[in-house]
Amino acid sequence: MSTLVELCQIQMRFGPQAILRDIHLEVEAGKTLVLIGESGCGKSVTMKLMMNLLRPTSGEVLWEGRRVDDLSERELVLRRLKFGYLFQGGALFDSLSVFENVAFSLRQNTTLNETTITDIVRERLRDVGLEMHVVGRKKPAELSGGMRKRVGLARALAIDPDVMLYDEPTTGLDPIMSDVINELILRTRERRGVTSIVVTHDMHTVRKVADRVVMLYPLARLAPHEPQILFDGTAEEVFECDDSRVSQFVRGEARERLLELSAA
Amino acid sequence: MPSAGSATHDRMTFVHNLGKLVLDLFILAGDLTLFTLQMLRWIVPGWPRANVLWPVMYQIGVQSVPVILVTGGFIGMVLAVQAYEQFAMMHMENQLGTVVNVTLLKELGPVLAAVMLAGRVGSSMSAQLGTMRVTEQIDALTALGANPIAYLVVPRFLACFLLIPMLTLFADGIGVLSGWWFSTRVLGVNSFYYWHYSRAFVNAYDLWSGIIKSVFFGASISLISCHRGFHSRAGAEGVGQAATEAFVYSFIVILALDFLLGFFLMELFNVLFPKLVII
Chain P
0 MSTLVELCQI QMRFGPQAIL RDIHLEVEAG KTLVLIGESG CGKSVTMKLM
50 MNLLRPTSGE VLWEGRRVDD LSERELVLRR LKFGYLFQGG ALFDSLSVFE
100 NVAFSLRQNT TLNETTITDI VRERLRDVGL EMHVVGRKKP AELSGGMRKR
150 VGLARALAID PDVMLYDEPT TGLDPIMSDV INELILRTRE RRGVTSIVVT
200 HDMHTVRKVA DRVVMLYPLA RLAPHEPQIL FDGTAEEVFE CDDSRVSQFV
250 RGEARERLLE LSAA
Chain R
0 MPSAGSATHD RMTFVHNLGK LVLDLFILAG DLTLFTLQML RWIVPGWPRA
50 NVLWPVMYQI GVQSVPVILV TGGFIGMVLA VQAYEQFAMM HMENQLGTVV
100 NVTLLKELGP VLAAVMLAGR VGSSMSAQLG TMRVTEQIDA LTALGANPIA
150 YLVVPRFLAC FLLIPMLTLF ADGIGVLSGW WFSTRVLGVN SFYYWHYSRA
200 FVNAYDLWSG IIKSVFFGAS ISLISCHRGF HSRAGAEGVG QAATEAFVYS
250 FIVILALDFL LGFFLMELFN VLFPKLVII
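If you're matching them up, the sequences are chains P and R in order. Under numbering that gives the first Met the number 0, the first residue of the first sequence is numbered 0, with each subsequent residue one higher. Under numbering that gives the first Met the number 0, the first residue of the second sequence is numbered 0, with each subsequent residue one higher.
Hints listed in this document are in silico derivations from the structure and should not be mistaken for laboratory results. Accuracy of the hints is not assured; some may be wrong.
Facing chain R, according to a computed beta carbon distance under 7 Å, are these residues of chain P, among others [to be verified]: (1) 52; (2) 76; (3) 80; (4) 84; (5) 86; (6) 88; (7) 92; (8) 96; (9) 103; (10) 104; (11) 107; (12) 253.
Restraint-style ranges between C-beta atoms, simulated for each label pair [claimed, not checked]: (13) P/247 with R/39: 47 to 55 Å; (14) R/39 with P/224: 42 to 50 Å; (15) P/27 with R/37: 30 to 38 Å; (16) P/219 with R/255: 16 to 24 Å; (17) P/125 with R/237: 34 to 42 Å.
Glycine included, each C-beta is placed from N, C-alpha and C at the ideal position.
Construct the complete structure from the given sequences, taking the supplied hints into account.
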């Protein structure tokens, strides 16, 4: 199985605050990797590093074996288009309509005519269960949270990416809409054969979509010698893991954190 | 009574804060320079499409016209009111047009048009880009193959840079008319002499020096506002602060540039037209 994305000995700091330490992670083609961990442990940062939206403080990011920082600006843009990114809040452009949002990367990066672009946008919206004549002219502010996520997914899929990155795709959604999004993640993989990377703290999503689960732990709670990746295995294994920190997260138990609350 | 230790601590805090302020200023200036160079690098390859540039130009140029006209109109009348008393004491009321029009074209027209633009457009640009930053829309642009500097900053820079001379001309024009109207109709200055002395003392260089200044003001407003927006902190407070900083920094830079360019253009005038210097 070929490796699409590889993070090698990544360190990431924002000013004085260390977020990631010695992270080594490989993403295999065609699989769904789910990154879990409590808020602030660096999951979203890891995903942004994978797409080169952030640059690491030290370490290397490789795309199909090539160092990202060796690529020219043009190559970087072209290779980045192989990635689709579903942002946490959708990150739809406020000033553009739903149609213009989904058509954005096609207009920006291809020479397709407007008729073809309209057909592709219609198809992508239909893939996520939306009809263009209903939502096409609406502005993002007029959409519900679930619709915004689905339009974000249609926009990310518009240019046929090889890798889909989902940043907390079910956060803030009701359980039914969360399941709709999980189904869309599965369907996207089945229909297009894309590699998927999902950042989440939703264990239903983990159970449903993951081939492989990686759990990160906040650096502030680790001793200097401890690895930041607490767990790397299958979805079944994560639910049976002996490590109390992993089981605490998987079961959603407060345990000693309650003592921290009373101490504060 | 404060102890000696406390006084030493206070001094250390003052020195520490002063040092931090100076360092922060250098970091800001360096970062803004890099931001400007990045924008200049993208200005040709990232020349915006008409459907991106026109809405920005409409928002920055056309929608600013009413506020510029109102500002210009009042400046002309205020100048007439303030100068009239002084001129009347020396029985020089008929020469009121000279001071009103020179001040308007060289100084107050361009400066106040720029300040209004910084307040109306600069803060709004900064808040808009700041919101895009915190809602990850700027990351989304990168993810979708667009360069955020080329897509967001270049059109705003071009719109400010190209349209501020026109806005300044509007402010100048309405200011000249309102100054004349108030001087002749309310203060009783003779209209013929008002224009006669204005023509004698106001030259094209005065108008051009105002226009040249305005171009620098427009460029500064767009770059400072976009820079603050791009570096906005998260949350409503962060975006609000970015908008405030955009206006405050733009205002300070407008005043500093007005002084430096005013001095430079005066020296240039003396070099270009030495015979016209009145001793």
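Evaluated hints:
no.: 1; hint: 52; result: holds (5 Å)
no.: 2; hint: 76; result: holds (5 Å)
no.: 3; hint: 80; result: holds (5 Å)
no.: 4; hint: 84; result: holds (4 Å)
no.: 5; hint: 86; result: holds (5 Å)
no.: 6; hint: 88; result: holds (6 Å)
no.: 7; hint: 92; result: holds (6 Å)
no.: 8; hint: 96; result: violated (13 Å)
no.: 9; hint: 103; result: holds (5 Å)
no.: 10; hint: 104; result: holds (4 Å)
no.: 11; hint: 107; result: holds (5 Å)
no.: 12; hint: 253; result: violated (26 Å)
no.: 13; hint: P/247 with R/39: 47 to 55 Å; result: holds (53 Å)
no.: 14; hint: R/39 with P/224: 42 to 50 Å; result: holds (48 Å)
no.: 15; hint: P/27 with R/37: 30 to 38 Å; result: holds (36 Å)
no.: 16; hint: P/219 with R/255: 16 to 24 Å; result: violated (44 Å)
no.: 17; hint: P/125 with R/237: 34 to 42 Å; result: holds (38 Å)
Violation of the numbered hints given earlier is confined to hints 8, 12 and 16; the remaining hints are satisfied by the structure.
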